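A.B. asks: Residue numbers (this note's numbering), protein chains in the order written: chain Y, 111 to 379; chain E, 18 to 136; chain F, 91 to 528.
Since the hints were derived computationally from the structure, they do not count as laboratory data.
Note that the coordinates shown come from a computational prediction; the quantities given were computed from them, not determined experimentally.
For every residue, glycine included, the Cβ atom is placed at its ideal position computed from N, Cα and C.
Among the clues, some could well be false.
[Unchecked claim] With the Cβ distance kept under 8 Å, some of the chain E side facing chain F (calculated, not the full set):
no.: 1; residue: 75
no.: 2; residue: 76
no.: 3; residue: 77
no.: 4; residue: 80
no.: 5; residue: 83
no.: 6; residue: 84
no.: 7; residue: 87
no.: 8; residue: 104
no.: 9; residue: 110
no.: 10; residue: 111
no.: 11; residue: 112
no.: 12; residue: 113
no.: 13; residue: 114
no.: 14; residue: 117
The residues making up each chain are set out below.
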Amino acid sequence: MDVRSRNHVTVTGRTGAPAVMLAHGFGCDQNMWRLVVPELERDFTVVLFDHVGAGNSELTAWSRDRYASLDGYVDDVLELCRELDLGPITFVGHSVSAMMGVLAAARRPEAFAGLVLLAPSPCFVDDPATGYRGGFSAEDIDELLESLDANYLGWSGAMAPVIMGNPDRPELGEELTNSFCRTDPEIARVFARVTFLSDNRADLAAVTVPTLVAQCSHDAIAPPEVGAFVHAQIPGSRLVTLNATGHCPQLAAPEETAAAIAAFAGASG
Amino acid sequence: MSRHLTLLTRTTTAGAVIELAGDLDHHTAPEVRDALPGITLAAGQQLTIDLGGLTFCDSSGITMLIAARNHALAAGATIALAAVPERVSRIFRIVGLEQVFPTHPSTQAAEDSWHPTTG
Amino acid sequence: MCGTDDGAADDGGRGRGRDHGRGRDHGRGRSEDHQENQEARFSELLEDSAEDLYEHAPCGYLSTLLDGRIAKINTTLLDWLGYERDALVGRKRFSDLLTVGGRLYHETHFAPLLRMQGEINGIALELKTADGTRLPVMVTSTVKTGGDGQALLIRTTIFDARDRRAYENELLRARQEADRERDRLKVLNTTLQKTLLPPTLANVPGLDVAAHYHIASADEVGGDFYDLFPLAAGTWGMFLGDVCGKGAAAAAVTSLARYTLRAAAVYSPAPDAVLANLNTVLNHEYNGTDPRFCTVIFGLLTPDPDQGGFHITLASGGHPPAMVMRHDGTADSLPTPGGQLIGILPNANIATTTVHLAPGDTLLLHTDGLTEAHTAAGPDGRYSDEALLDLGRALAPTTATDAITAIRDLLDTLGNGVDDDTAVLAVHVPRTTSEEQQ
Chain Y
111 MDVRSRNHVT
121 VTGRTGAPAV
131 MLAHGFGCDQ
141 NMWRLVVPEL
151 ERDFTVVLFD
161 HVGAGNSELT
171 AWSRDRYASL
181 DGYVDDVLEL
191 CRELDLGPIT
201 FVGHSVSAMM
211 GVLAAARRPE
221 AFAGLVLLAP
231 SPCFVDDPAT
241 GYRGGFSAED
251 IDELLESLDA
261 NYLGWSGAMA
271 PVIMGNPDRP
281 ELGEELTNSF
291 CRTDPEIARV
301 FARVTFLSDN
311 RADLAAVTVP
321 TLVAQCSHDA
331 IAPPEVGAFV
341 HAQIPGSRLV
351 TLNATGHCPQ
361 LAAPEETAAA
371 IAAFAGASG
Chain E
18 MSRHLTLLTR
28 TTTAGAVIEL
38 AGDLDHHTAP
48 EVRDALPGIT
58 LAAGQQLTID
68 LGGLTFCDSS
78 GITMLIAARN
88 HALAAGATIA
98 LAAVPERVSR
108 IFRIVGLEQV
118 FPTHPSTQAA
128 EDSWHPTTG
Chain F
91 MCGTDDGAAD
101 DGGRGRGRDH
111 GRGRDHGRGR
121 SEDHQENQEA
131 RFSELLEDSA
141 EDLYEHAPCG
151 YLSTLLDGRI
161 AKINTTLLDW
171 LGYERDALVG
181 RKRFSDLLTV
191 GGRLYHETHF
201 APLLRMQGEI
211 NGIALELKTA
221 DGTRLPVMVT
231 STVKTGGDGQ
241 ALLIRTTIFD
251 ARDRRAYENE
261 LLRARQEADR
271 ERDRLKVLNT
281 TLQKTLLPPT
291 LANVPGLDVA
301 AHYHIASADE
311 VGGDFYDLFP
321 LAAGTWGMFL
331 GDVCGKGAAA
341 AAVTSLARYT
351 LRAAAVYSPA
361 PDAVLANLNT
371 VLNHEYNGTD
381 PRFCTVIFGL
391 LTPDPDQGGF
401 HITLASGGHP
411 PAMVMRHDGT
421 ADSLPTPGGQ
431 LIGILPNANI
441 ATTTVHLAPG
451 DTLLLHTDGL
461 TEAHTAAGPD
471 GRYSDEALLD
481 LGRALAPTTA
491 TDAITAIRDL
501 LDTLGNGVDD
511 DTAVLAVHVP
521 RTTSEEQQ
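Isolated chain Y (complex conformation) (with noise of 0.2 Å):
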């Protein structure tokens, strides 16, 4: 299997410069870094990439058995890591891609620079054993799993899945080439489980690359506690927090967030 086409892999930027990867939450595809890449591609290699199941990766590699868990992704990101073969790249990961790096660089920290973790949160759901708050109840994340149901529906262009394994009827599928964030229902449930339902908190501690947590002032999914117990659970991290509100900083605050990646990146690469 080609992994530059099974993730949809885009190269851009200086070559021979520090490599940036950056790598998209649940909810959408490569399309979430194009305001911060013009920013960045003067003074690094950007890499860019779609997990599999969502925008243009080759929809035939998901599995469920692989991707029901962070793993499979983590050996995604590594084996590209190893395919595009740049040195020890800065990998930026928002929402669960965050802890998608945290693995990844437990796991083969030669191949990291640093991390960049935008919006992390190690844990959605709160532990009252623990003290811990993600913010969110497991019901919380059925009632999700319940608003992804009723937009797959179809009423709605925007996010009207991608009818896979279907080629009886190919105008499903066709009619929505143009839109973003395409994706599958069956993928979309299960990455849904994947992002919100892992408990990565014990992983933190064993990072070892200097790392980042960029946290936004106003976030609903990641609230400023998460970000504050991801930076005090990693040895030696930082803790920036943008002016940006929201979970998607990159696409609200593109400059702001593109500085803070270039200066850690620039720093540390």
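Got chain Y; can you put chains E and F on it based on the hints?
C.D. replies: Quick look at chains E and F alone, frame taken from chain Y:
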């Protein structure tokens, strides 16, 4: 997967003629079977099935030809096949039906070979 | 009804003020008085000020800053939510009005897409009202930009979707139910299929046996069958066949064929007599407008004490020929010309042939699902008997297990091209150690 079969029927002095073209298989054979009751045959006539345009025939197709034969026999008529493709002949030889269905090079030859047996 | 007074009044009643000018078209050809009268009525309706229209429109309006904070909200939406204006404007964000699940969906899907595309249409969400009840809505948002293209604020319209959501939930439930039913049907078909095949093949001393059944589609039961079983002292019966058609009706014929063959073989084991009996049974049973038949090959295996190996008599009723792969590396098909398919004709002709299976030889029976499989490489786009014979030549000498493994690999390679079920049965006489040393 789209499979196509075209079915044309016409009448000659010898009796009805069914022309089949395309794939005669699991998916398309029911079309032919459904058309059979609408084909009227008088006793002593001959039902001719022209297979010249057939590109494929599997066991479902064979079933359909047998149903057509039963339809003809029930009316006191006979059956003949015209322009049987080599591949179909081969299947007929395998399943031992080459003697059950008289075959002719063309529909015209089938018509010419017909002699009224009654009336 | 278009063009009548009622129709014009209906139009006005919807508050479509910008359609005012079209009223002239409605009135064309009518008296001036009538036209003036109508315009007066439209003007009256236009007192319905823009502000009033905004506040009491039949949908919710919401304007938010880019960070989601509510800047403006109309009365309709406040009434739906049961909030005072002051409780929301400047204090809450749009996502605060959503259920928690909806908020996650908003942050991960809605907001990013809105940022990227400048608009997003018809998203299903649920609002949480002041008293905690949920209001299913359809949400459309656009980003308002200033002259310099900078995003300024987000405009959102919200439609009550209670009835629609109830209907959608019903659709969703029906689809999930259908998915479950289909899964159940597949399990049932697979189970039924298994009952039509022997759980294990008889262990024949001095013979190595293997078989494989390939299910082309779990949606329907296929009609292939095989068996190998003991007969009177020292002899064995084997058969492999293919009932035409699929589904429950074909499965009934398969079941009948299997039990008839086993019973007939006990009664009179001569292979041609076994098939003649099956023909009579099927011909009597399915003699209507929906003919049912099968092709089948039946073999009687007798150990050969003089030459070693087995003596096999094969009878065929219209079935593709068996293939023998010999110890010397050659392979041949064993044609049985003239054998007629079983169940159609009152006195079907059964053709027989005999073969001696020496140590190292392997006999393979197959159904035409394999040789009729679609493949770009074959003649007429099908795999073909010739290709199978070539495979046999490449395999020989082989064993039953190796031959079946090779066929399974071939079926995997043909993939979706195999659109009919396929059964294969192989028997092989192993060489003894002393024979191998020679």
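A.B. asks: Hey, does the residue 77 of chain E contact hint survive, CB to chain F under 8 Å?
C.D. replies: At 6 Å from the nearest chain F Cβ, residue 77 of chain E passes the 8 Å test, so the hint holds.
A.B. asks: Min Cβ distance, residue 111 of chain E to chain F: is it shorter than 8 Å?
C.D. replies: 6 Å, holds
A.B. asks: With 8 Å as the cut and Cβ atoms as the points, is residue 117 of chain E at the interface with chain F?
C.D. replies: This interface hint holds because 7 Å falls under the 8 Å limit.
A.B. asks: Hey, does the residue 104 of chain E contact hint survive, CB to chain F under 8 Å?
C.D. replies: 6 Å, holds
A.B. asks: With a cut-off of 8 Å, does the beta carbon of residue 112 of chain E approach a beta carbon of chain F closely enough for the hint to hold?
C.D. replies: 3 Å, holds
A.B. asks: Using Cβ atoms only, decide whether residue 80 of chain E comes closer than 8 Å to chain F, and label the hint accordingly.
C.D. replies: 5 Å, holds
A.B. asks: If you take the shortest Cβ to Cβ gap from residue 83 of chain E to chain F, is it below 8 Å?
C.D. replies: 5 Å, holds
A.B. asks: With a cut-off of 8 Å on the beta carbons, see whether residue 84 of chain E makes it to chain F.
C.D. replies: For residue 84 of chain E, the interface hint holds, since the closest Cβ of chain F sits about 6 Å away, which is under 8 Å.
A.B. asks: Have a go at the residue 113 of chain E hint: is there a Cβ in chain F nearer than 8 Å to its own Cβ?
C.D. replies: 3 Å, holds
A.B. asks: Can you verify the interface hint for residue 76 of chain E: is its Cβ closer than 8 Å to any Cβ in chain F?
C.D. replies: Constraint on residue 76 of chain E satisfied, holds at 4 Å.
A.B. asks: Given residue 75 of chain E as an interface hint, is its Cβ closer than 8 Å to any Cβ of chain F?
C.D. replies: Since chain F brings a Cβ to about 6 Å from residue 75 of chain E, closer than 8 Å, the hint holds.
A.B. asks: Checking hints one by one. Is residue 110 of chain E an interface residue toward chain F, by the C-beta closer than 8 Å rule?
C.D. replies: It holds, given that the least Cβ distance between residue 110 of chain E and chain F is near 7 Å, below 8 Å.
Hint violations for this structure: none, all hints satisfied.
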